[in-house]
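Undergrad: Residue strings, one per chain:
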Amino acid sequence: MFFLSLLKVSIRASITQKGAFVCDLLLMIFNNLIFIALWWIFFDRFKEIGNWKMADMIALNAIGLGAYGLMRVFFGGVINLSKTILNGSLDIFLTQPKNVLLHILMSTSYPKGFGHLLSAFILIVIGDLYSHVGSILIGITTGALVFTSIAVIAHSAVFFLGSVDIVAKKYCESIYLFSLYPTNIYSDMLQIMMFTLVPAGVITYLPVELIRAFSYEKLIYLILISALFVLLAFVFFGLGLRRYESGNQFSIKT
Amino acid sequence: MLAKYTRLFFLSFFQTLKNRNALVGLSVFLITCLLIFDNLWKVIAIRIGQEGLNGSLLLWYIASNEWILVSVPQLHEEIEDEVKNGQFTYMLPRPISYLGACFSRGLGKLFANLIVLGIVTFGFAYWKTGVFPLHPLPFFLFLLIGFAVGALALLALILIGLSSFWIGQVAPLYSVWEKLYLTLGGLMIPLTIYPDWLQNVANATLFPILLGERSALLLDFSYHKWLCVSVKLGIWMAGICLLITMLYALGLKKIQHEGG
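Note that the protein sequences, when read in sequence, are chains A and B.
Every letter in the first sequence is one number past the one before it in the working numbering, and letter 254, counting from 1, is 254.
Add 1000 to the 1-based position in the second sequence for the working numbering, that's all there is to it.
Hints in this document: simulated from the structure, not taken from any laboratory.
Below 20 Å or equal to it, Euclidean Cα-Cα: the simulated PhoX-like pairs (lysine-lysine) are: (1) A:Lys18 / B:Lys1084; (2) A:Lys47 / B:Lys1042; (3) B:Lys1018 / A:Lys83; (4) A:Lys170 / B:Lys1179.
To give an idea of the interface, some chain A residues facing chain B are shown, with a C-beta separation under 8 Å as derived from the structure: (5) Gln17; (6) Leu27; (7) Phe30; (8) Asn31; (9) Ser163; (10) Val167; (11) Tyr171; (12) Ser174; (13) Phe178; (14) Tyr181; (15) Ile185; (16) Tyr186; (17) Ser187; (18) Val198.
Now the stretches of chain B that chain A is said to cover, found in silico as 3 or more residues with beta-carbon under 8 Å: (19) 1028-1036; (20) 1160-1171.
These numbers come from a predicted model, not from an experiment.
Cβ atoms here follow ideal geometry from the backbone N, Cα and C, with glycine treated the same way.
Just chain A, with the same shape it has in the complex:
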């Protein structure tokens, strides 16, 4: 109940400035359409790559953008997690009787996320993907969880290594970028990397395979792998938290 109310407040706060919200929304849709246009040009000329057609790319982008958008709206606190840790702002969360990680993640929501979600919706319409809405929603949800988990792990590295926030940020941005490519085009070694170190394949490739040929086995795999990333995020953050030294910051969170 607490987290639901927190989320509500965060989302409301993110859309209070209506003009800025609409501006962010339009910019993000334009931004995402640039990428789709690029793939459209590519597939218009080469028809397919690694047995994937434009329809598959639209599904992949719908899932990738939706997942990223969902993360920004529901777990926006992860974007600046390393900064929160480094400048000692974690103190105010530690004093509250709630799960620290969830509290931080849900305390911020970014309007930019709505732009991504809206882009995903537009792609579902353009790609005529109505019959796969169930699989797409599952993909968006698991994708958002994996995006968030990986970001938590990357940002938690500052507990152990100090000011590596810039690396964490670039790493998270690159996962987002690579998740918008079809993973099957990579060679063997890189494919392994795409499901582990840079889990772009888990975020988009697996859900699209679910759409291409649904099976409960694939679905269970997807859910289990996503759950594993979530578990890893909690463990990694927990381990890091033990090393946290207070910033002695005096502030009140209302």
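Since the structure of chain A is already known, use the hints to place chain B on it.
TA: For chain B alone, coordinates are given in the frame of chain A:
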């Protein structure tokens, strides 16, 4: 007059060099991206019927693009923070230009990153291919352009950062910049795949100078091409500096009217 900016430059330069963990992290990240993009480009080269493309030079080309892409510090975020939390207004009465200080700080970080990541990237490319694409003098000139291009990217980020005087968050604007950077710069897929009209559009922007056109010097260097890229770079730098000055003046006026 320039002494204070030089000091800021060196302060930021040595601070960045001291943060070894970040530099190691960026290096690992850069090599990972290099391997991924190398694989991606090879697949695309086969798909577009350019199997004959020299794999070694391709890796050097991508290395050169990634070198700039990863090295440029996120200066727009710092400016946004300073404008939003009011720290910017405290800096106004000081006997130093805010823009000059920002640029000096950013340049210090950029140069430290470019030096360290340049050694890592080009060292890795040489180790992987066993080939050095240019003779020492052209390679030195190529590196020189790389540093100037980094400064141009930094100026563009200052421009994005200054937009925080008017818009809620600069992140969406930065995302658009980044996407155009990657697509029109020719990193995501080769520019030659695009239809002619889009290639013309791309060539009319600064993005090919930042990435593709500059990196192409590694594949086919000539002093004439180097000079062309340098002249274009100079023109873009002058244009963006002018825009920054105008935007900053407007931003200051807004602050004076509405408060910081």
